[in-house]
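Student: With the numbering used here, the residue at position 162 of the sequence shown is 312, and numbering never jumps.
Hints were generated in silico from the structure; no laboratory data involved.
Every residue, glycine too, gets a C-beta built ideally from N, C-alpha and C.
Hints are supplied without guarantee of correctness; some may be wrong.
As the list claims (entries may be wrong) - Straight-line Cα separation of at most 27 Å, DSSO-like style, residue types lysine-lysine; simulated pairs:
no., residue 1, residue 2
1, 291, 195
2, 287, 163
3, 215, 163
4, 223, 195
5, 215, 254
6, 254, 310
To be verified - Here are the in silico distance ranges between beta carbons for each label pair:
no., residue 1, residue 2, range
7, 225, 279, 34 to 40 Å
8, 178, 312, 41 to 47 Å
9, 302, 236, 31 to 37 Å
10, 225, 181, 35 to 41 Å
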Amino acid sequence: MNGSQTGELGRDKRYLSELNEELRSMDVKGEICLCDGAVMALAYKARPDTDDVDAIFEPVRYIRKAARLVAQKNGLPVGWLNNAVEMFLANHERRILLDLSHLKVYVPPPDYLLAMKVLSARAETMDQNDLRILIGKLDLKNADQVFAIVKGYYPHKAIKPETRILIEELVSKRDNS
Numbered sequence: 151m152n153g154s155q156t157g158e159l160g161r162d163k164r165y166l167s168e169l170n171e172e173l174r175s176m177d178v179k180g181e182i183c184l185c186d187g188a189v190m191a192l193a194y195k196a197r198p199d200t201d202d203v204d205a206i207f208e209p210v211r212y213i214r215k216a217a218r219l220v221a222q223k224n225g226l227p228v229g230w231l232n233n234a235v236e237m238f239l240a241n242h243e244r245r246i247l248l249d250l251s252h253l254k255v256y257v258p259p260p261d262y263l264l265a266m267k268v269l270s271a272r273a274e275t276m277d278q279n280d281l282r283i284l285i286g287k288l289d290l291k292n293a294d295q296v297f298a299i300v301k302g303y304y305p306h307k308a309i310k311p312e313t314r315i316l317i318e319e320l321v322s323k324r325d326n327s
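Can you build the whole structure from these sequences, using the hints too?
Tutor: Quick look at the structure:
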């Protein structure tokens, strides 16, 4: 759902609204907690819409069915809404982003999103920009502060060496600006 390809922003929100309508037609209420790029696009308006929406959702069966219908109507890949992010889940707070009739859409706080991004960072993606934005939003002054946030949510996960270097570069560039 890359808005930069069409120049159209806000499609993620439109598809979530359509998902709400599908759930309404089933007389089912659902909840979604967005993660990753969808949060950066919708909550922070820091980038165009994403190619897919990473989220945790309940009730899984009904939301998957509704998401398939939205995909069919809009020519989206079947997995446009996915819960592949489950492997990175840790306890965290969340706040309501959208409160629709049959769908509540939540987002995690920026420190949790930063911790997830640090662990899942990939080269040649928007992750570097996302990390820079989150570090700035949290006003972090050094790499150790970033690493402490990650350890707070994921005490037993190791940060990849290349990600450690990236974080150190991002923080040092922030200090020099």
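Student: For every hint, state whether the structure bears it out.
Tutor: We went through each hint and held it up to the structure:
1. As the CA atoms of residue 291 and residue 195 are separated by approximately 23 Å, the hinted pair is consistent with the 27 Å bound.
2. Proposed proximity of residue 287 and residue 163 is supported: the alpha carbons are some 23 Å apart, at most 27 Å.
3. Our distance criterion of 27 Å between C-alpha atoms is met by residue 215 and residue 163, whose separation comes to about 18 Å.
4. Of the supplied pair hints, the one linking residue 223 and residue 195 holds, its CA atoms being roughly 25 Å apart against a limit of 27 Å.
5. For a cut-off of 27 Å, the pair hint linking residue 215 to residue 254 stands: about 17 Å separates their Cα positions.
6. Among the hinted pairs, residue 254 with residue 310 is inconsistent with the structure: their alpha-carbon atoms are about 34 Å apart, more than 27 Å.
7. In this structure the supplied range 34 to 40 Å is violated for residue 225 paired with residue 279, their Cβ-Cβ distance being about 28 Å.
8. A hinted range of 41 to 47 Å holds for the C-beta pair residue 178 and residue 312, which are about 43 Å apart.
9. Our hint of 31 to 37 Å for residue 302 and residue 236 is violated, since their Cβ atoms are close to 20 Å apart.
10. Restraint check, residue 225 to residue 181: a C-beta distance of roughly 26 Å breaks the suggested window 35 to 41 Å.
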